[in-house]
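Line by line, the protein sequences are chains X and Z.
Sequence positions in the first sequence follow our numbering and run 1 to 404.
Sequence positions in the second sequence follow our numbering and run 1001 to 1404.
For the record, the hints were derived by calculation from the structure and aren't laboratory data.
Keep in mind that the hints are not guaranteed to be accurate.
Examples of chain Z residues lying across from chain X (beta carbon under 8 Å, computed) [what the hints assert, rightly or not]:
no.	residue
1	Pro1115
2	Ile1273
3	Leu1300
4	His1402
List time: in silico DSSO-like cross-link candidates among lysine-lysine, alpha-carbon distance up to 30 Å [said to hold, decoys possible]:
no.	chain 1	residue 1	chain 2	residue 2
5	X	Lys296	Z	Lys1296
6	Z	Lys1192	Z	Lys1058
7	Z	Lys1296	X	Lys316
8	X	Lys58	X	Lys123
9	X	Lys58	X	Lys192
10	X	Lys296	Z	Lys1192
Where a beta carbon is used, it is the ideal one built from N, C-alpha and C, also for glycine.
Protein chains: 2
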Amino acid sequence: MTQSEHQMQSEIMQQPEPMNAMSHQSTRLPLETLETPALLLDEARMNRNIARMQAQMKRLGVSFRPHVKTNKCIDVARRIMSTPTGPITVSTLKEAEYFAAHGVRDILYAVSIAPNKFAHALKLLRSGVQLTLILDSMETAQLLAAFAQTSNTRFEVMLEIDSDGHRSGLAPEAAELVPIAAYLHSAGLVVKGVMTHAGSSYDCPTLDGVRAMAEQERAAVVRAAERLREAGLPCPVVSVGSTPTALFAEQLEGVTEVRAGVFVFFDLVMAGINVCTVDELALSVLGTVIGHQAEKGWTLIDAGWMAMSRDRGTAKQAVDQGYGLVCDLDGTPLDDLILVGANQEHGIVAHRDGRLAGVTHLPVGTQLRIMPNHACATAAQFPHYHVIDSERQVQETWSRFHGW
Amino acid sequence: MTQSEHQMQSEIMQQPEPMNAMSHQSTRLPLETLETPALLLDEARMNRNIARMQAQMKRLGVSFRPHVKTNKCIDVARRIMSTPTGPITVSTLKEAEYFAAHGVRDILYAVSIAPNKFAHALKLLRSGVQLTLILDSMETAQLLAAFAQTSNTRFEVMLEIDSDGHRSGLAPEAAELVPIAAYLHSAGLVVKGVMTHAGSSYDCPTLDGVRAMAEQERAAVVRAAERLREAGLPCPVVSVGSTPTALFAEQLEGVTEVRAGVFVFFDLVMAGINVCTVDELALSVLGTVIGHQAEKGWTLIDAGWMAMSRDRGTAKQAVDQGYGLVCDLDGTPLDDLILVGANQEHGIVAHRDGRLAGVTHLPVGTQLRIMPNHACATAAQFPHYHVIDSERQVQETWSRFHGW
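When you get a sec, could you build the whole thing from the sequences and use the hints?
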């Protein structure tokens, strides 16, 4: 066992007790009792977002393998998984460890496997997890096959397909596609199928663009599956996924499963491409006014980039939301205020248009809810979600984990 | 006690044991045994950086109150504090809690105090911590004075001065300065002095600019101190601080203490303004090659923005380093490669000039060290530092904490 694995195991072992203890707080507390910054999760909004995705999956006739990289929290995952044992998608092996420790069994690790993670993947398999790996090159295939032989293990893998040119994966027509699958098959590994992620859907300026991207994503991975089948190789699983394409795909013929994660919370980037509306954003950061620079029209709050993250995903959209959109405690945008700047623990609230006259005076101590650009990045800055109800009371506090 | 405080206390209580256990690992391990991404701390570089700051403080004849927001780790803090009990500067009360639990007593919380943190500050004071708060308005002064009266506590405070217009603080000539200090004094609080942070020094394009900013920072806070003394109010402490101004101040007449935090590690933003050189950067992220998109000149690694953070601080500098500068395992820049893009767990390595021909082939499994734009932001993404020696062996693993 490597040093990292030792640490990880000791952390995982320690997790269930304090987490369960914290998840079962019984008294409802008003937001005013929270020290800030704090991460709020609006349960009613989250539930509506989940119901929307589930209805879409049902309409499309595909199975759903939610991506838990956004939430990293069993309490959220239990609300989006089809069964208590999964399936789920993860972006790190620490996620796989954590969710496995909470009873999840069917896990797709959706980042091309690095050789220094083979031993860890093996440990998960031997602990009873049905872990599927992905890869996109003969180089990785050969390394994994060698390790599979040495460890006498029948790894299950999927081939990653590049449907939009935004990062990794084999082109659907790549010459190597069939040889890699054939090699893995002959080396005794199980090739379950093909998967892709149309990350470029986040950059589509219109919903028609998102619909077209969903079709491009579907066509790419279905074409790769056809090529494998034409070569006589089995390809039972055909997997696509991103929140925009999942929600706006018109049909998914040939696809067997969909993956998505951000849909649970949504964020300003999603609202900026009309995948959701601002009043559907379930995640926000609670901050408090700590001062003013009146002559500049600034209100200072105690939520800076450490709380919001440095993500500036709306900077390239039609409406730049700075480091976040400022809302009142009900989650309603307040007087067109945004976080125009951020230091580590200071956020600078000002009017979007930079005006200095007629700036709302928010007294020191006023609490504000700041909607984030990117839910994955903002949530990662916090150890807990404070789950709030429609009366702005904290019902429960859910833990999320951090790091690798 | 609020819900947050309950959680914080239970976390703090749990920390010392596992942290000590992890800090005293005895075997040296090669980097190749680490699962990636992992945060590396080059001990020799860190020690040189610390010695440089200490020599500068000695030359300037000021006391040093290191900012621990960058490291959030007692093992690092012990190497930069003048004594085991401090003094230190913190940016959150969780930092104060954690360092107090490790024996630190003299703590300046350098963000204007929010009313929802009064009770927590009181708890720290009552546990024996000499906690100093800051504020910059009559509004906060009145709220704190009311709380001080109710709780029968003599809070110690400093007034925050704005020396460069970049965020909070009173202008040195502000009409409210003397009235606020006089009010606090009359309300029975202890006004220890004035403090400022010239955060604009990060944006100085030349070292002459940094030197001028150091003088501007000094002059602003010394002027504020003079005004208080002229009004017959005591002002024993005059505090300045930022890594660039601390290292390049030519003289600090009238200043009693300096605060800085990034100097321990340095980062690409600091190198970009010539405050340090790239070979002084002590912090890096270890990543592993997981694939290629050869026709684009891309190498994919398993360190994306979750590992590097979304900080793009070099984007506005003369040399944009993308999401990080790619180095070999000795920490030497490699063939002018940078992280040109990042997804959550994917980093895209490519040549800085975008060339496609003659791209170095880095085989799958190759480990790389990525120098970060901003040490505070990148370190915050990790639960541990892997401390490496000059032979690239991991000597110890130090824990750092996360969140609020």
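Status of the hints after comparison with the structure:
no., hint, result
1, Pro1115, "holds, 4 Å"
2, Ile1273, "violated, 17 Å"
3, Leu1300, "holds, 5 Å"
4, His1402, "holds, 5 Å"
5, X/Lys296 with Z/Lys1296, "violated, 46 Å"
6, Z/Lys1192 with Z/Lys1058, "holds, 23 Å"
7, Z/Lys1296 with X/Lys316, "holds, 23 Å"
8, X/Lys58 with X/Lys123, "violated, 35 Å"
9, X/Lys58 with X/Lys192, "holds, 23 Å"
10, X/Lys296 with Z/Lys1192, "holds, 28 Å"
The structure fails hints 2, 5, 8 (numbered hints given earlier, in ascending order).
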